[in-house]
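**Q** Residue numbers (this note's numbering), protein chains in the order written: chain Y, 23 to 277; chain F, 23 to 277; chain D, 23 to 277.
Possibly wrong hints are sitting among the right ones.
Chain copies aren't distinguished; within one or between two, either way the pair holds.
Unchecked claim - Computed list of lysine to aspartate or glutamate pairs in DMTMM-like fashion (alpha-carbon distance at most 25 Å, straight line):
no. : residue 1 : residue 2
1   : Lys-247   : Glu-195
2   : Lys-187   : Asp-168
3   : Lys-197   : Glu-68
4   : Lys-252   : Glu-132
5   : Lys-270   : Glu-246
6   : Lys-270   : Glu-255
7   : Lys-270   : Asp-253
8   : Lys-176   : Asp-193
9   : Lys-93    : Glu-68
10  : Lys-197   : Glu-104
11  : Lys-176   : Asp-253
12  : Lys-187   : Glu-175
Since the hints were made in silico from the structure, they are not lab data.
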Amino acid sequence: MNTTVIERIRTRRPLIHHITNAVVMNFTANGLLAFGGSPIMANASEEVGEVTRVSNGLLLNIGTLTETQVKAMILAGRAANETGIPVVLDPVGVAATSYRSEVCERILGEVQPTLIKGNAGELAHLVGIEMETKGVDSTGSGNLEDIVRRVAEKYQTGAVCTGEKDVVWMDGEIKVNRSGHPLLSQITGSGCLLGSLVAAALAVDGKPLENVTAVLRLYGEAAEKAAAHKDVEGPGTFLPRFIDALAKESWGDDS
Amino acid sequence: MNTTVIERIRTRRPLIHHITNAVVMNFTANGLLAFGGSPIMANASEEVGEVTRVSNGLLLNIGTLTETQVKAMILAGRAANETGIPVVLDPVGVAATSYRSEVCERILGEVQPTLIKGNAGELAHLVGIEMETKGVDSTGSGNLEDIVRRVAEKYQTGAVCTGEKDVVWMDGEIKVNRSGHPLLSQITGSGCLLGSLVAAALAVDGKPLENVTAVLRLYGEAAEKAAAHKDVEGPGTFLPRFIDALAKESWGDDS
Amino acid sequence: MNTTVIERIRTRRPLIHHITNAVVMNFTANGLLAFGGSPIMANASEEVGEVTRVSNGLLLNIGTLTETQVKAMILAGRAANETGIPVVLDPVGVAATSYRSEVCERILGEVQPTLIKGNAGELAHLVGIEMETKGVDSTGSGNLEDIVRRVAEKYQTGAVCTGEKDVVWMDGEIKVNRSGHPLLSQITGSGCLLGSLVAAALAVDGKPLENVTAVLRLYGEAAEKAAAHKDVEGPGTFLPRFIDALAKESWGDDS
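Just chain Y, same shape as in the assembly (with noise of 0.2 Å):
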């Protein structure tokens, strides 16, 4: 392909249905709108089909469920499927609480994923393996490959780890990725708007895999150059930094 997919991103400008939590829907949507896509959030169970079914792709983020959520989610969710529009889960906490174990179950019964994006300790709760986690966040470690495989054979459906090192696993191969910067994680959301990121990377032509891996690569990489910018000194002013560095014009992308 002789387009990277960020221009193709930039082209397309994808319109990225989400349903998500109410902690990071400003961040998500700026920073969406920074890559080169195009945000919307509905809610209401009455539009959420029809909002979905004039989407390029959905994002289902738990992060701050309750049941009228999960009502859209699900009928967003299975308008996604109807119509061929790559879906994306994240699970967030999932291990958190019996509640948010259910409702994710509840939602996989239901919805078909393109793909589920977590840490290590929700993709781990997903197949049973017990990892130590604290609130919303994963604190452990393990064989990352064999989490995300798992979870991939389980669901049939892509599977990313994100972390220290992302894993990427597609249609039955892996990759790699190691671009990223601790204050990432300093900052709230950083994962949940990554999800919207690789929803905008399943919707536009390219091969998955490749996709979704220049995306995390990219993320780390302006996460990086944010960091390093001369003006930044904590997390407040690496945040504004960070998303300059997202909507960046001319990035080092060869996918």
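Take the given structure of chain Y and dock chains F and D to it, following the hints.
**A** Chains F and D only, in chain Y's frame:
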């Protein structure tokens, strides 16, 4: 009048009650505070009437509407109509789904707005003109003056169409504003915040047409100033500088 | 004690469960992360008890309350009381509507807070003293020590009144803090974030009165440092520098 609209806003600090979308609440509150107004955001049907009655203006924004919120909007809107408080309606994404379209008509059947503010696609949809839209963003153009006049006549209201040029229609008169910067379209909620500032413009003394047009001009000029700031390198760093620009004390405001 | 409260917070990284208002969720999460704590925000009645039981502190903030959220607050508050986890109640805008006032009494009838944090108008309202308020902001002054003492006695709780000077009452003792900067009042949620940090202060070892007062002082000093930063030109650029200041590793904290 010997004072400018920005002076009157900063003297009165009008309290604007927002029933708005979840994506932009924080940005809207910070933007209105910077501009000189005072934000309050309440959604519970049990209290929205009481909140509106102590406010100086009401903003209704349907960006992430739910049935519960629509009920609250109608209660708040009626309270505003009863007490003579200006009401601004922002029909975000009204062309995107039949539900939004139906809800908008329902609100407009129960609440008399002082002003409807939207982009070209949203306003065109309200008066039955089809334009190209993408999610909540309008991508088409057209005879904006005609669209604005038709919205104003159909709903017996003021109307503002925002975009590269802004067109204001109030009480049979029309004004155009051409200040602004493309970076505004790269941050989420820039149109939503403008709705809040327009409500503030209607909440202070002065001719509504002049007040609203002056605020549109100031908003665009603040964006131009922020975009020209030497430390701004993209939408991330533009946002805080834009808030700073809205807060600047010595505006060149001659309205 | 040989460690400071900020050292203890950064060592333990207390997990604080927030049921808070939708306007400030993102800012609160980023602020608590910067300060050294770990935020979690869940609203569903199905899981708030379980989330609270694995947390080290609970913050209840009624800024955009709904009946559903009030139910969740009571469930979470009872879980916290049963497991001995500190509870901070922030009665945002309690004087603004009769509904907020009624809800506050309902929560306080079911949940024993460790500390109630509010501005002068909010705390005065809780003990039947009328003060001038505007929306969710208090504009009056008065005998703050008396108000705080009366709140503490009426609800058998610690109490903090925030404003130009902060007054803390815990276990029959009183302390005053005078650090701070007016720019704090120009960003939305600065009081709400402080409630979160106070919950973190109560979640670590040390005398509660000393911990809370130290955190109030650090918060004000961070605002002073940020406001004095050469690149800060208004509330927009103040905000990221304030988060940076909260994250600074080498605090001059002698508590």
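**Q** Go through the copies and call it for Lys-270 and Glu-246: within, between, both or neither, with a Cα cutoff of 25 Å.
**A** both (13 Å within a copy, 20 Å between copies)
**Q** Using 25 Å as the alpha-carbon threshold, which applies to Lys-247 and Glu-195: within, between, both, or neither?
**A** Result: close neither inside a copy nor across copies, 29 Å intra and 49 Å inter.
**Q** I want to check one pair: Lys-187 and Asp-168. Are their C-alpha atoms no more than 25 Å apart within a copy, between two copies, both, or neither?
**A** Within one copy only: 14 Å inside, 55 Å across.
**Q** Classify it for me, Lys-187 with Glu-175: is the Cα-Cα distance of at most 25 Å met within a copy, between copies, both or neither?
**A** within (21 Å within a copy, 53 Å between copies)
**Q** Between Lys-197 and Glu-68, at a C-alpha cutoff of 25 Å, which is it: within one copy, between copies, both, or neither?
**A** neither (39 Å within a copy, 37 Å between copies)
**Q** Treating 25 Å as the Cα threshold, decide for Lys-93 and Glu-68: within, between, both or neither.
**A** For Lys-93 and Glu-68, the Cα distance is within 25 Å both inside one copy (11 Å) and across copies (15 Å).
**Q** Since the copies are identical, ignore which copy is meant and state whether Lys-252 and Glu-132 lie within 25 Å (CA to CA) inside a copy, between copies, both or neither.
**A** neither (48 Å within a copy, 51 Å between copies)
**Q** Checking Lys-197 and Glu-104: alpha-carbon separation at most 25 Å within a copy, between copies, both or neither?
**A** Intra 29 Å, inter 47 Å, cutoff 25 Å: neither.
**Q** At most 25 Å between CA atoms: does that hold for Lys-270 and Glu-255 within a copy, between copies, both, or neither?
**A** both (21 Å within a copy, 9 Å between copies)
**Q** Give the relationship of Lys-270 and Asp-253 under a CA distance limit of 25 Å: within one copy only, between copies only, both, or neither.
**A** Classified as both; 17 Å inside a copy, 15 Å across copies.
**Q** At 25 Å max between alpha carbons, let me know whether Lys-176 reaches Asp-253 within a copy, between copies, both or neither.
**A** neither (46 Å within a copy, 49 Å between copies)
**Q** Within a copy, between copies, both or neither: where do Lys-176 and Asp-193 come within 25 Å Cα-Cα?
**A** within (13 Å within a copy, 55 Å between copies)
Hints 1, 3, 4, 10, 11 from the earlier list are contradicted by this structure; the remaining hints agree with it.
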